[in-house]
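Each protein sequence line maps, in turn, to chains R and D. Under the numbering used here, the residues of the first sequence are numbered 55 to 148, in order. Under the numbering used here, the residues of the second sequence are numbered 8 to 481, in order.
Because the hints were derived from the structure by calculation, they are not lab data. Keep in mind that a hint or two might mislead.
Simulated crosslink set (DSSO-like; lysine-lysine; CA at most 27 Å straight-line) [stated by the list, open to error]:
id, chain 1, residue 1, chain 2, residue 2
1, D, K390, R, K96
2, D, K25, D, K113
3, D, K98, D, K65
4, D, K98, R, K145
5, D, K289, R, K78
To give an idea of the interface, some chain R residues facing chain D are shown, with a C-beta separation under 8 Å as derived from the structure [said to hold, decoys possible]:
id, residue
6, L59
7, I71
8, D84
9, E87
10, E94
11, L110
12, V113
13, G119
14, G124
15, V125
16, F126
17, L130
18, V144
19, L148
Where a beta carbon is used, it is the ideal one built from N, C-alpha and C, also for glycine.
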Amino acid sequence: MAIELKDVEHLAGLARIAVSDSEKEVLRHDLEEILAYVSEIKDVAAELGEPAVGELHNVLRDDEGPHESGVFTEDLLAAAPAREGNRVFVKKIL
Amino acid sequence: MDIKNLTIKQAHDLLVAKKMSVLELAEAVLKEAEGSRDLNAYLEIFDDVRAQAAVAQKMIDGGKATLLTGIPLAMKDNILIKGKIASASSKMLEHYVATYDATVTKKLRDAGAVFVGRTNMDEFAMGGSTENSAFGVTKNPHDKTRVPGGSSGGSAAVMAAGAALGALGSDTGGSIRQPAAFCGVVGLKPTYGSVSRSGLMAMASSLDQIGPFSKTVEDAKIIFDVIKGHDPMDSTSYPDTPAEIENKKPKVIGVPVDFVHAKGVDPRVLENFEQSLEQLKKAGYEIRDISLPSLAHGLSVYYILMPAEVSSNLARLDGVRYGYHADGANLADDYARSRGEGFGREVRRRILLGTYVLSSGYYDAYYGRANAVREMLKQDLAKAFEGVDIIATPTTPTPAFKIGEKSSDPLQMYLADIFTVPVNIAGVPAISVPSGFVEEDGAKLPLGIQFIAPHFGEEALFTIGQDFEGARSF
Numbered sequence: 055m056a057i058e059l060k061d062v063e064h065l066a067g068l069a070r071i072a073v074s075d076s077e078k079e080v081l082r083h084d085l086e087e088i089l090a091y092v093s094e095i096k097d098v099a100a101e102l103g104e105p106a107v108g109e110l111h112n113v114l115r116d117d118e119g120p121h122e123s124g125v126f127t128e129d130l131l132a133a134a135p136a137r138e139g140n141r142v143f144v145k146k147i148l
Numbered sequence: 008m009d010i011k012n013l014t015i016k017q018a019h020d021l022l023v024a025k026k027m028s029v030l031e032l033a034e035a036v037l038k039e040a041e042g043s044r045d046l047n048a049y050l051e052i053f054d055d056v057r058a059q060a061a062v063a064q065k066m067i068d069g070g071k072a073t074l075l076t077g078i079p080l081a082m083k084d085n086i087l088i089k090g091k092i093a094s095a096s097s098k099m100l101e102h103y104v105a106t107y108d109a110t111v112t113k114k115l116r117d118a119g120a121v122f123v124g125r126t127n128m129d130e131f132a133m134g135g136s137t138e139n140s141a142f143g144v145t146k147n148p149h150d151k152t153r154v155p156g157g158s159s160g161g162s163a164a165v166m167a168a169g170a171a172l173g174a175l176g177s178d179t180g181g182s183i184r185q186p187a188a189f190c191g192v193v194g195l196k197p198t199y200g201s202v203s204r205s206g207l208m209a210m211a212s213s214l215d216q217i218g219p220f221s222k223t224v225e226d227a228k229i230i231f232d233v234i235k236g237h238d239p240m241d242s243t244s245y246p247d248t249p250a251e252i253e254n255k256k257p258k259v260i261g262v263p264v265d266f267v268h269a270k271g272v273d274p275r276v277l278e279n280f281e282q283s284l285e286q287l288k289k290a291g292y293e294i295r296d297i298s299l300p301s302l303a304h305g306l307s308v309y310y311i312l313m314p315a316e317v318s319s320n321l322a323r324l325d326g327v328r329y330g331y332h333a334d335g336a337n338l339a340d341d342y343a344r345s346r347g348e349g350f351g352r353e354v355r356r357r358i359l360l361g362t363y364v365l366s367s368g369y370y371d372a373y374y375g376r377a378n379a380v381r382e383m384l385k386q387d388l389a390k391a392f393e394g395v396d397i398i399a400t401p402t403t404p405t406p407a408f409k410i411g412e413k414s415s416d417p418l419q420m421y422l423a424d425i426f427t428v429p430v431n432i433a434g435v436p437a438i439s440v441p442s443g444f445v446e447e448d449g450a451k452l453p454l455g456i457q458f459i460a461p462h463f464g465e466e467a468l469f470t471i472g473q474d475f476e477g478a479r480s481f
């Protein structure tokens, strides 16, 4: 599986990670090598059918009994890099 | 007091007999922790250890002691303790303060345990040497030019240095067992779902599991018994240990011969493993050769599924709600710069790899097929356990390697996990128990043997582990 520099740039864009030019070539080489190693499973898997899927069941709690409003607000906002009142502050996107 | 060799069980007996106070024990451990700072095993030694000790002493004086009351424990830096920094050894979370207790933290706190500090690790638990920490490598107490293993390398190193009586780590592909082997201590990866992951920073959610480090198998059981159990906060936690698990004494050990003799396994590791099997025979176990060809695919499956899950789980770290923030020209630029600067090299590599195997056009070829092979591996293992009670392998293919030896070659680093990874893929429990030493450059480097049991077979692991401790010859 040949990986090109433009593939690395595309992946970095999808992952929202800024990658320096000097690192792109290292990543290209590493990804190519790792993908070559793991590609052996393609031959193994070719002989297998679809994996069995377990029975679906709801693992989430019922949407009831919410905690009192505001009890965690200060703790959580204290962790935000920028805030404005009781909101996390971000740059405008429109 | 010989703090380096003191076990949890022994310390408990001394505490309840009032032959030692919790504070005396805590001071002795703190002295070792201070004295071994050059290892860089603790990222932080907590400033409230003495206050915690006072709380534990009250429990003992009030006759409410559990086996862990007053016992100084170390926590891997990816497990939350409310009010303490939890950084996962990442620049991304360098100043992040936990806003709640992990379930395991709460259970240990309720049992009266004393948290000594948080331990160094590979960033976000990605690595096998602790070299990927944003805060410097941890050194192996047995040879300071070598790595302690990883990713829970700090927890393993503080145990070997006598700077805690027990420690917690997390194990996604071997991150408890491999450093335990490298540092000559016991490490348990419990059955997936037996210990709550609530409050553990997610790396690869279908593989992650919290487990203990200890000096003895008995101590590992003491910690496991406290932290296990169903938790509604973790949707993958099992309601209860299924009733059909019979706790019969294990007798037959299966050895996947072809897998164990794979290319790249140090002959000294194999020799030590054969000796261990001889000792187990003398202790009454039957050794049987088995064939498990699918184990050889474990690493490939792992390096597809794990990065896929990593790329999803770490998407939450965006420099907006918490963690490292770098200011860019616009919001998209904020994201890219915060993540580009906040994450280290290995984390960036795995996120990109995961993004690749999940991307349109490659999803079926990689992620889909890896899941199919995962199922095959699970079924093959289940079939093997119809004929044997325990499967044994060396824990690692080599003893601890030199700092810097593999850091520029990710694939070589990944191969250090070859024996431990299949266990996480199948979700079964496994324990690493010290099995001896090899001498190199004048240092005695520890080795470990890994015992694997079927789902919820922890009791069988404790039984064989203790039998092995009694039978081994060093």
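Status of each hint after checking the structure:
no.: 1; hint: D:K390 with R:K96; result: 23 Å, holds
no.: 2; hint: D:K25 with D:K113; result: 26 Å, holds
no.: 3; hint: D:K98 with D:K65; result: 38 Å, violated
no.: 4; hint: D:K98 with R:K145; result: 23 Å, holds
no.: 5; hint: D:K289 with R:K78; result: 56 Å, violated
no.: 6; hint: L59; result: 13 Å, violated
no.: 7; hint: I71; result: 5 Å, holds
no.: 8; hint: D84; result: 6 Å, holds
no.: 9; hint: E87; result: 6 Å, holds
no.: 10; hint: E94; result: 6 Å, holds
no.: 11; hint: L110; result: 13 Å, violated
no.: 12; hint: V113; result: 4 Å, holds
no.: 13; hint: G119; result: 12 Å, violated
no.: 14; hint: G124; result: 14 Å, violated
no.: 15; hint: V125; result: 11 Å, violated
no.: 16; hint: F126; result: 7 Å, holds
no.: 17; hint: L130; result: 6 Å, holds
no.: 18; hint: V144; result: 6 Å, holds
no.: 19; hint: L148; result: 10 Å, violated
Of the numbered hints given earlier, the model fails hints 3, 5, 6, 11, 13, 14, 15, 19; all others are met.
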